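**Student:** So the chains spell out like this:
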Amino acid sequence: MELLYFAWLREKVGLSSESVPLPDGVENVGGLLTWMADRGPGYAEAMKDLSVVRVAVNQEFAQHSDPVEDGDEVAFFPPVTGG
Amino acid sequence: MAIRVQTEDFDVTSETKSLVAGNTNIGAVVTFTGLVRDMAGGETISAMTLEHYPEMTETMLAKIDIQANERWPLDASLIIHRYGRLEPGEQIVLVITASSHRQAAFEAAEFLMDWLKTKAPFWKQEATTAGEKWVAAKTSDDDATERWSETSPASPAKIAAVKV
Chain A
4 MELLYFAWLR
14 EKVGLSSESV
24 PLPDGVENVG
34 GLLTWMADRG
44 PGYAEAMKDL
54 SVVRVAVNQE
64 FAQHSDPVED
74 GDEVAFFPPV
84 TGG
Chain B
56 MAIRVQTEDF
66 DVTSETKSLV
76 AGNTNIGAVV
86 TFTGLVRDMA
96 GGETISAMTL
106 EHYPEMTETM
116 LAKIDIQANE
126 RWPLDASLII
136 HRYGRLEPGE
146 QIVLVITASS
156 HRQAAFEAAE
166 FLMDWLKTKA
176 PFWKQEATTA
186 GEKWVAAKTS
196 DDDATERWSE
206 TSPASPAKIA
216 AVKV
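Here the protein sequences line up with chains A and B, keeping their order.
Under my numbering, the first residue of the first sequence is numbered 4, with each subsequent residue one higher.
Under my numbering, the first residue of the second sequence is numbered 56, with each subsequent residue one higher.
Just so you know, the hints here were simulated from the structure itself, not pulled from any lab data.
Check each hint, because a few of them may be wrong.
Straight-line Cα separation of at most 25 Å, SDA-like style, residue types lysine to any residue; simulated pairs [what the hints assert, rightly or not]:
no. : chain 1 : residue 1 : chain 2 : residue 2
1   : B       : K118      : A       : E5
2   : B       : K174      : A       : E63
3   : B       : K193      : B       : V84
No experiment lies behind these values; they were computed from the predicted model shown.
Could you put the whole structure together from the sequences, leaning on the hints where they help?
**Tutor:** Shown next, in the form of structure tokens:
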């Protein structure tokens, strides 16, 4: 799957994108967030407060219960501030 | 509806003229232009940098286009949103809506701006004397968007309560 990071999440993770295989046991967005927080200090820092982390799966806003599959494009970013 | 996400500036007059050209059914055109301010939360801003997620903007636009056209009889509409580095006074966003009558054009323009503020994947970073910082989302923008939802019909009291 393709993981994308934007704004301060990109800065904390230190990457704008990366390709990873679907982690074992991860079935939904919530599972992916839990797995992410365990990947290292930058990831842990980025995922520290999930109330300010938004997730989009294949370019649509997703809830923690929404499924993820290998091949999905999953983006992590703060609440949007455009306009 | 068209959306353009670009670094370069735009000209409101020429964009408006080209949008309505050839359609004499249009009786009302509303334009909204957002500008970069030099103050936020009591701090002076020297510049603003916008980051965005272009593929998601495109995907979401198709949906908002359907919603806006189901709700209002629009003849034409255009969104331009800039990204990159902008300085105070610069134009940042343009929304144009055109319809036979003014109410549809006014309401649709407000609806599209509320959508841009709360759903479109853009992020602002401000440069201040204290350094660079990412702008936090405002709950007042969420409230403004909520009044358009199907389960929450707009009422004069609710609209009046929205901070503008």
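**Student:** Compare the structure with the hints numbered earlier in the document and write down the numbers of the violated ones, lowest to highest.
**Tutor:** Checked against the structure, the only hint that fails is number 3, while the rest are satisfied.
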